[in-house]
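Could you slot chain B onto chain A? The hints should help.
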Amino acid sequence: MTTLSPDSHIGRVSDNTIDRPGERAPLVLNMDTFGQVTATVCRVSEAEKAPFAWYVAFGASLGLLSLLGLCITYLIFTGVGVWGLNNPVMWAYDITNFVFWVGIGHAGTLISAILFLFRQKWRTGINRFAEAMTIFAVICAGTFPGIHVGRVWFAYWLFPIPNQMEMWPQFRSPLLWDVFAVSTYFTVSLLFWYTGMVPDLATLRDRAKGKVQQLGYGLFALGWRGSNRHWHRYERAYLLLAALSTPLVLSVHSVVSFDFATSQLPGWHTTIFPPYFVAGAIFSGFAMVVTLAVPARELFGLKDLITLRHLDNMNKVILVTGCMVGYAYSMEFFIAWYSGAMYEKFAFINRAFGQYWWAYLLMVSCNVITPQLFWSKRIRTSIPIMFVLSIIVNVGMWFERFVIIVSSLANDFLPSSWDLFTPTWVDIGTMVGAFGLFFTLFLLFCRYLPMIAMAEVKAVMPQADPHGAGAGKHGHGHAQGHDHAHGNH
Amino acid sequence: MATIVTTPSETQAREPAPKATRMYGLLAEFETPGDLMAAAEKCRDAGFKWWDCHTPFPVHGLDGAMGIKRTILPLLVFGAGATGTAAAFLLQTFTNSVGWTIWAGVWVTGYPFLISGKPAMSLPAFIPVIFELTILFSALACVKLMFLFNGLPQLYHPLFKSNRFRRASNDRFFIVIEARDPKFLPKKTEEFLKTLGPISVEMVED
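Residue numbers (the numbering used here), protein chains in the order written: chain A, 38 to 526; chain B, 7 to 212.
Isolated chain A (complex conformation) (with noise of 0.2 Å):
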């Protein structure tokens, strides 16, 4: 901040993604004053109407919601004997679902927490909507357990409530484990996303025409006054959140890998799962803040705030994530051969060459070889190529999910018990049902809360620097004592 002149060509830059030498890339493009950061992060919430393909959009949401509505109502007055699930397999498309969306929500608190920490300032104009992201995908995460548990009504079982059975839940189980790293995660990512909304959500109330918005908007903003007393233990406060969720983020996932790396079955008992899932949960979390952002950006008129340098960056980080997770890929290979073990050998070429070569070529090919692309900066930068790139990686990490749990559980130890897993109408609706419950609460979101942290990006702008640009005209020598507490007026 400090090598930028108070009379550098702020906002003047229309390409951010050169970088110059001493100078720091603009985060904000033709933007001169924070009233202008402000007026176009409300405009969207403040417009009477929505753009028409955002009606359209929510339209098509709402339709998948009821797929998924009438799904779960038909499984649950049923049993889970509608799924196709069968002896082997017993883990499907309900548990694959559970971890591609736990995974999509891993991008959010990332770029919230360990982004934060890194002092990584570009992460303000995207880490609110990430954040969204995130809630509604642990919202469709926790879906899918809680019906794949098959009798519903007992699903409080999982909590260690007192109850006249004198029944207690298994803490040695990973299961359990999951229950309790997700909901904190939950819990955790909720806490993050409000507590960084209060100011905006003030911005909006102190802008409020309408009594229904001043009234809903300033319940939800607390009483929230700027005050800089305040500010000192809020921004306290979300260090420590976010140095509290950095492990976090990083535990939920291994949880989740243990489900699978603390049982026997081979494909599955290995130990590079944990570090191998997280990679794969924030190269997918990010592809899906991408696929989201470039939508978003061009209907809402965000680019000066959501700017081609941002989706650069985060088109490195899937860059970067592939290819741990090719790494991951070949090092359990490696491994597989490496440990002499008969089934562990049979799993991984099974898992290649056997019955589900197809997903694993699919996985392969979207998850390794597409993101190599990404080496070239004409195509991190081309809007069209990235968002057909980030869909292409998020089919890619749905069936590595499929990959890893379908394949291991189709062939195991005993020839005899082998089958063969064939998803159901079912199956599929509560799939792309998934999608409609996502993006219909990410289009509320778009449509009725702040969608860019506005304090936060004003935070970040060269006119915030109360010693540089900021700097003010009244010309107080401002200096770090208070030598001149009497001075110049």
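Treat the hints as calculated values from the structure; they're not laboratory data. Backbone N, C-alpha and C define an ideal beta-carbon position, used for all residues, glycine too. Take these hints with a grain of salt, some might be off.
[Claimed, not checked] Stretch by stretch, here's where chain A covers chain B in the computed footprint (C-beta under 8 Å, at least three residues):
| # | region |
| --- | --- |
| 1 | 50 to 60 |
| 2 | 117 to 123 |
| 3 | 139 to 149 |
| 4 | 152 to 160 |
| 5 | 163 to 173 |
Below, chain B alone, put in the same frame as chain A:
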């Protein structure tokens, strides 16, 4: 330079005339963070106690310029985290390792599970839940205590009466000196604020 706006209510309040309204304080508006910073240092040095800055975003270095003491929040959050650790340990050992009967709202009995020959007190298997509850307790305490110390939620505040103050969440920077400050003298304080280079100074009613 700065235009000083005097609201009608302000002129009334400055006379010791019979009045129904009490004064909350004086509100000075600044255009840039730099202006605010310089003004905040002078307010601090003038010895005011009941005063505050209001900004749309946290201004870097303003805590020092205002002389704000560091919050003890981190210590309390550590305490909450330690409570979470202990609670998770006790919960798991009680429900899974011992057969005691205790009173926890109702009489509850623990159950020593025997799972694949592992010892009843198998600490390594309890670590993930201990970790999660440590984080959960800390995060909940962190947010709750932060808002509690800030006196929020407080949906009503005298400052919300000021129309100018609406920009405190947008693009303007404010200093407010409250009337209850021992050094507050309506006329003198207003003069003092005007020397700091504000865009406007106005009186806020309580």
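Looking back at the hints listed earlier, which ones does the structure fail to meet?
The structure breaks none of the hints.
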